[in-house]
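Novice: Listed below, chain by chain, are the residues.
Protein chains: 2
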Amino acid sequence: MERITPRTLSGFMELLPGKQAKLEKMMAVLRDTYSLYGFAPLDTPAIEDAKILLAKGGGETEKQIYRFQKGDSDLALRFDLTVPLAKYVALHYNDLAFPFRRYQISKVYRGERAQRGRFREFYQADIDIIGDGKLDVLNEAEIPSIIYRVFRGFGLTRFQIRVNNRKILNGFYAMMGLTEKSGDIMRTVDKLDKIGGEKVQSILISDCGLTEQQAEEILRFISITGTNAQVLAALEGYAGREEMFDQGLAELRQVTEHLAAFGVPEENFAVDLTIARGLDYYTGTVYETTLLDHPEIGSVCSGGRYDNLAGYYTDKALPGVGISIGLTRLFYVLDEQGLLNPQLPSAPADALVLPMTEDPAPAIALSQTLRGAGVRVQLYGEKKKFKQKMSYADKLGVPYAVLLGEDEIAEGVCSVKNMVSGEQVKLSPEKAAQYILDGLSANNGPIILE
Amino acid sequence: MERITPRTLSGFMELLPGKQAKLEKMMAVLRDTYSLYGFAPLDTPAIEDAKILLAKGGGETEKQIYRFQKGDSDLALRFDLTVPLAKYVALHYNDLAFPFRRYQISKVYRGERAQRGRFREFYQADIDIIGDGKLDVLNEAEIPSIIYRVFRGFGLTRFQIRVNNRKILNGFYAMMGLTEKSGDIMRTVDKLDKIGGEKVQSILISDCGLTEQQAEEILRFISITGTNAQVLAALEGYAGREEMFDQGLAELRQVTEHLAAFGVPEENFAVDLTIARGLDYYTGTVYETTLLDHPEIGSVCSGGRYDNLAGYYTDKALPGVGISIGLTRLFYVLDEQGLLNPQLPSAPADALVLPMTEDPAPAIALSQTLRGAGVRVQLYGEKKKFKQKMSYADKLGVPYAVLLGEDEIAEGVCSVKNMVSGEQVKLSPEKAAQYILDGLSANNGPIILE
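Here the protein sequences come in this chain order: Y and H. Every letter in the first sequence is one number past the one before it in this note's numbering, and letter 237, counting from 1, is 237. Every letter in the second sequence is one number past the one before it in this note's numbering, and letter 145, counting from 1, is 145.
A couple of the hints might just be wrong.
All copies of an identical chain are treated as equivalent in the list; a pair is satisfied when it fits inside any one copy or across any two copies.
What the hints assert, rightly or not - DSBU-like, lysine-lysine: derived pairs with alpha carbons at most 30 Å apart: (1) Lys191 <-> Lys387; (2) Lys384 <-> Lys25; (3) Lys194 <-> Lys385; (4) Lys316 <-> Lys389; (5) Lys56 <-> Lys417; (6) Lys383 <-> Lys316; (7) Lys387 <-> Lys417; (8) Lys389 <-> Lys426; (9) Lys70 <-> Lys431; (10) Lys383 <-> Lys426; (11) Lys134 <-> Lys417; (12) Lys426 <-> Lys194; (13) Lys316 <-> Lys385; (14) Lys134 <-> Lys19; (15) Lys22 <-> Lys395; (16) Lys431 <-> Lys316; (17) Lys181 <-> Lys134; (18) Lys426 <-> Lys51; (19) Lys134 <-> Lys395.
What the hints contain is simulated information worked out from the structure, not anything from laboratory work.
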């Protein structure tokens, strides 16, 4: 038989079982948290009509998209989860109840140039709340609560949800008579973290055509910092001059006002006037989330309020608010930095049952009893020497080995060996199950370390 | 803005939220059951090097596969989960512990002619156990236990796992001097359920070139029926003449012998000599699963033992055993036949919290308390009339609405309305959470009806 050297395409993440187990735990946190806030899981096709995906057209998207013919069809792989959502809501409008809340954790595809830490296939974990015509700002106020619970679920405490409102920025630029340049200004200011204030100021002057005074005033404005109350008070000083600004400020007040009721500690939240999000798509509240000890990772959860989800597909006004977590990249970076908890059990089974007798029947029955109690059990069926069996248990990283020989069978017990401590106890099958489950829950640490 | 009519490609399943919730429940049963038996979740890329996927080449696969260029790369979407598994095991051989048990529930792609109930993108839910050089038959004996638990998890009792062994068939054909024709014979016999015995007999004679006597003898052999013990006893009559036959019979005995210990009731299992599985790939035990009251659906879970998983990618001998559930097709057929339990709660939230006061703070705090207890809560933020709020709760299909007005706030309670019975009670937030969770667990019926 002619052999082909096996390989996985570059830019495609393919994990070994131990790593995959950790990614699955992160996905479970996302699913559970999104569900707890009443989001419905959706699962749209990975392939869509290319015309649908490229409705907006232009730019990087068109270059990066995987597009191909099959028969007469012009097809493409989704490059995000927002465009398919827009299509879904427009298409199924009459069957949905609005506000419509959905989450989707799915792979998206972008044929970018291969680069370390850049993926061509990657998971996005998105939530969106879509209104029919209107959507109350209370939904925007709830988003930080969801972000908070997700990252706490990952085991983190040292993170910050940074919030701003595009209306405040647009209103401020309008006060300065710079409305037409506000898109360019925001895209420039958005680079502040990366390139610093001086460079931003010089680009504002050279590329956006601002005067030195204007550039300075903008930098002074966005560098307003302090507690939420202090920032809001400082913004109050600009109020009453521009309607859009005042509306943005009122919305920002509403978003910050209920943080405590939503269970978000003050230290995990900051009003940050430098947050703009590059996209014109956003029209109100915008969110970014950073790991305080790892600012170099950038935002790990971003999103915002938009006014028009599906304008390319329907004349219905569909405002919404959503956030997205780039799960594959986040996982990759956490792993690179050694932040995935190495102590977290990641074996496929909690216990490996090792039959030590010719007849496997007692070991089968024991496995079933343990499974009945909720223990994930692998029954080892190979006829190997004891040493080889234990070395398999080691390689698998299974936390418990359960040995069943003639002696144990005669006594109606099994020997449970803790593979970390080496400790071994004889217990009835029912007690063994409890012993293992107790041990596992005691060892249930965070997914991510700080 | 120019509008494009939204559509989803034909052959691609896109579910409304209520249906999606039911599919998710089936996936959760699959994940939980596979995990309980110590299978590691894997997640290989949907896109692979076309050369890798087409290593075996030829036939329908090549016609159906989605294949495309991106830059210089010749890419394709996976058409099953077995070929990517073979690549994975060959590629990561040194990092895996054998036997290696993995499950994967992922979408695969086949550009078949569009046809009602045929999908171009569909989920397969596979498990495989891969040995390094050898794999004990005990693993084959365990498979029916896993199938049993999956379908019981779906809520079914009226199903049958039908098992045969290819060595018995091959051995029997060898006894008759028909070894070279055994592949053709098995593919013909495999159609028995669909076309009936007479037609099979005439094809065996006309197409496979058998004598009338040979064809009759084969049909007599495969029509041996009865309890497992009776079929095994009848097969014993053929023993001692052909080594492969004897080996197959010994394996079949081992697979049936431990059924009770593995928790599989006799009525959910049958030795069935008509099961052959068309593919040459299988070399030992083969499995099919049918819903007893819906034989027209065909096998809903199939698989078997094979000797050489990854011969196209490595010289390592990697025998294994696996099964696959075509989840998308199964779900579609169940839905078509009205077998998805309509009573099963499928709303995205367990409770819709409706603030009846201007200030949403008390309703926010209540939502957080309920979530803290594990209730999936949607907080309704829109400023609408009471009637519109209740009509939204109805449309969402949420089992409980929780009303919070001035009176409730003053009393420290909330009003919990059962949306099905209409019953309404005033309870403290903590008691409301318990009341809702109790109500939900009382209503936790099967996913599939019989």
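Novice: Run every hint past the structure and note whether it holds.
Specialist: Structure-based check of all given hints:
1. Lys191 <-> Lys387: neither (58 Å within a copy, 48 Å between copies)
2. Lys384 <-> Lys25: neither (33 Å within a copy, 39 Å between copies)
3. Lys194 <-> Lys385: neither (59 Å within a copy, 48 Å between copies)
4. Lys316 <-> Lys389: between (64 Å within a copy, 21 Å between copies)
5. Lys56 <-> Lys417: The answer is neither: 60 Å in one copy and 45 Å across copies each exceed 30 Å.
6. Lys383 <-> Lys316: The answer is between: 20 Å across copies meets 30 Å, while 66 Å in one copy does not.
7. Lys387 <-> Lys417: within (14 Å within a copy, 61 Å between copies)
8. Lys389 <-> Lys426: within (19 Å within a copy, 59 Å between copies)
9. Lys70 <-> Lys431: So Lys70 and Lys431 fail the 30 Å test inside a copy (58 Å) and across (57 Å) alike.
10. Lys383 <-> Lys426: Only inside one copy: Lys383 and Lys426 sit 23 Å apart there, 63 Å across copies, limit 30 Å.
11. Lys134 <-> Lys417: For Lys134 and Lys417, the Cα distance is within 30 Å only across copies (26 Å; inside one copy 60 Å).
12. Lys426 <-> Lys194: Neither: 59 Å inside a copy, 54 Å across copies.
13. Lys316 <-> Lys385: Close across copies (22 Å), not inside one copy (70 Å); limit 30 Å.
14. Lys134 <-> Lys19: The answer is between: 27 Å across copies meets 30 Å, while 43 Å in one copy does not.
15. Lys22 <-> Lys395: within (17 Å within a copy, 37 Å between copies)
16. Lys431 <-> Lys316: Answer is neither; intra-copy 61 Å and inter-copy 41 Å both fail.
17. Lys181 <-> Lys134: Close inside one copy (28 Å), not across copies (70 Å); limit 30 Å.
18. Lys426 <-> Lys51: So Lys426 and Lys51 fail the 30 Å test inside a copy (65 Å) and across (53 Å) alike.
19. Lys134 <-> Lys395: Only across copies: Lys134 and Lys395 sit 18 Å apart there, 56 Å inside one copy, limit 30 Å.
Checked against the numbered hints listed earlier, the structure breaks hints 1, 2, 3, 5, 9, 12, 16 and 18; every other hint is satisfied.
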